[in-house]
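S.K.: Chains L and F are the protein sequences, given in the same order. If you want my numbering, it's the position in the first sequence, counting the first as 1, plus 4. If you want my numbering, it's the position in the second sequence, counting the first as 1, plus 5.
None of these hints come from the bench; they were simulated from the model. Certain hints may be false.
[Stated by the list, open to error] Computed list of chain F residues with no C-beta within reach of chain L, every gap over 12 Å:
#, residue
1, Ser19
2, Val37
3, Glu104
4, Gly105
5, Gly107
6, Thr109
7, Gly151
8, Pro153
[Stated by the list, open to error] The list that follows gives simulated cross-link-like pairs (lysine-lysine, DSS-like), each with its CA atoms no further than 30 Å apart:
#, chain 1, residue 1, chain 2, residue 2
9, F, Lys84, L, Lys67
10, F, Lys84, F, Lys120
11, L, Lys99, L, Lys57
12, L, Lys57, F, Lys84
13, F, Lys84, L, Lys99
14, L, Lys99, F, Lys81
15, L, Lys99, F, Lys120
16, L, Lys67, L, Lys99
17, L, Lys77, L, Lys62
18, L, Lys62, F, Lys120
[Said to hold, decoys possible] A few chain L residues facing chain F, derived, Cβ under 10 Å:
#, residue
19, Ile19
20, Val26
21, Leu49
22, Phe53
23, Lys57
24, Lys62
25, Pro64
26, Val65
27, Glu66
28, Lys67
29, Thr69
30, Val72
Think of the CB as a built atom: it goes at the ideal place given N, C-alpha and C, for glycine as much as any other residue.
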Amino acid sequence: MAAETSPTFDRVADIIAENSEVARDSITPDSHVTEDLGIDSLDFLDIVFAIDKAFGIKVPVEKWTQEVNAGEKPADHYFVMKNLAARIDELVAAKAG
Amino acid sequence: MRLEYFQMIDRVVSLDGDAIVVESRVPEASPVFEGHFPGHPLVPGVLLVETMAQASGWLILGRNGFARMPFLMTVKEAKFRSFVGPDAPLDVTARISHEGSGYTVTEARLTSRGKRIAEAEILLRSMPFPNPELEAAMRANAARIGLPGYGA
Numbered sequence: 005m006a007a008e009t010s011p012t013f014d015r016v017a018d019i020i021a022e023n024s025e026v027a028r029d030s031i032t033p034d035s036h037v038t039e040d041l042g043i044d045s046l047d048f049l050d051i052v053f054a055i056d057k058a059f060g061i062k063v064p065v066e067k068w069t070q071e072v073n074a075g076e077k078p079a080d081h082y083f084v085m086k087n088l089a090a091r092i093d094e095l096v097a098a099k100a101g
Numbered sequence: 006m007r008l009e010y011f012q013m014i015d016r017v018v019s020l021d022g023d024a025i026v027v028e029s030r031v032p033e034a035s036p037v038f039e040g041h042f043p044g045h046p047l048v049p050g051v052l053l054v055e056t057m058a059q060a061s062g063w064l065i066l067g068r069n070g071f072a073r074m075p076f077l078m079t080v081k082e083a084k085f086r087s088f089v090g091p092d093a094p095l096d097v098t099a100r101i102s103h104e105g106s107g108y109t110v111t112e113a114r115l116t117s118r119g120k121r122i123a124e125a126e127i128l129l130r131s132m133p134f135p136n137p138e139l140e141a142a143m144r145a146n147a148a149r150i151g152l153p154g155y156g157a
């Protein structure tokens, strides 16, 4: 059940394991941050802070949440691990560009 | 400073960009001292954290123009280096170290007569005011402590 990962995925998974009670081994590219990993809003805030610091970006969580609540984007687009890693890569690229 | 009312800040000294300086004086007497501790009154460490959190909160409110209410979410790296007793003057500084999406992180420091008392990294989440009463009360408090732009 080897799953394809990326350096960004690995780093985010490490951050999640460090900032929550989620075991690192249980985090896969298809894990949904809240539905599968059970991360609550407080842990998620700490995780976002750690991601912001690690990647030098500002993860626009409020914008993402608004888009999901408005039905403009499925929650999986932002909150499934492999997609979250992709969104972070986009933010890093946008900042560098 | 009125400990039992969680009124921790007496006056805003300055609010400049991403930093705030506030001051307070610990009351000579408070019911808090009856328990903490009998015959040896000390300001509880949790109230020193609260003082630093409130300074951080006023910094955020001053910056966002009361658009949202900051709520304490995380306290990290809290250290208590010295005791604080009745009538002590307190100087608190809070500086924004990171402004995220819907949250703010500050580095706060509390001193008394130049002596380091406490410090912490504080994360506050900013949310819409839950009701107009709270916003009105916060604005009244801002006037009381002389938050720049909101002073009486």
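S.K.: Is the shortest C-beta separation between lysine 67(L) and chain F less than 10 Å?
M.R.: Hint on lysine 67(L): holds, closest Cβ of chain F at ~7 Å, below 10 Å.
S.K.: Need the status of pair lysine 99(L), lysine 57(L): alpha-carbon distance at most 30 Å?
M.R.: Holds, because 14 Å separates the two Cα atoms, which is no more than 30 Å.
S.K.: Measuring Cβ to Cβ, find out whether glycine 151(F) lies farther than 12 Å from everything in chain L.
M.R.: holds (31 Å)
S.K.: Is glutamate 104(F) truly not at the interface, in the sense that its beta carbon sits beyond 12 Å from all beta carbons of chain L?
M.R.: At roughly 8 Å from the nearest Cβ of chain L, glutamate 104(F) sits no farther out than 12 Å, so the non-interface label is violated.
S.K.: Just to be careful: measuring from the Cβ of threonine 69(L) to every Cβ in chain F, is the smallest value less than 10 Å?
M.R.: holds (9 Å)
S.K.: With 10 Å as the cut and Cβ atoms as the points, is valine 72(L) at the interface with chain F?
M.R.: Violated, because the Cβ-Cβ distance from valine 72(L) to chain F comes to roughly 14 Å (cut-off 10 Å).
S.K.: Are the Cα atoms of lysine 84(F) and lysine 67(L) separated by 30 Å or less?
M.R.: violated (35 Å)
S.K.: Does the claim that proline 153(F) lies outside the interface with chain L hold up, using a Cβ gap greater than 12 Å?
M.R.: Given that every Cβ of chain L is farther than 12 Å from that of proline 153(F), nearest at about 26 Å, it holds.
S.K.: Hey, does threonine 109(F) actually stay past 12 Å from chain L on C-beta?
M.R.: violated (10 Å)
S.K.: Quick check on the hint: proline 64(L) CB to chain F CB, less than 10 Å?
M.R.: Holds: closest Cβ of chain F sits about 5 Å from proline 64(L), inside 10 Å.
S.K.: Glutamate 66(L) was flagged as interface toward chain F. Is the shortest Cβ-Cβ separation under 10 Å?
M.R.: holds (5 Å)
S.K.: Do the numbers back the hint for leucine 49(L), that is, is its least Cβ distance to chain F under 10 Å?
M.R.: holds (6 Å)
The structure does not agree with the numbered hints 3, 4, 5, 6, 9, 13, 15, 18, 19, 20 and 30 stated previously, though it agrees with the rest.
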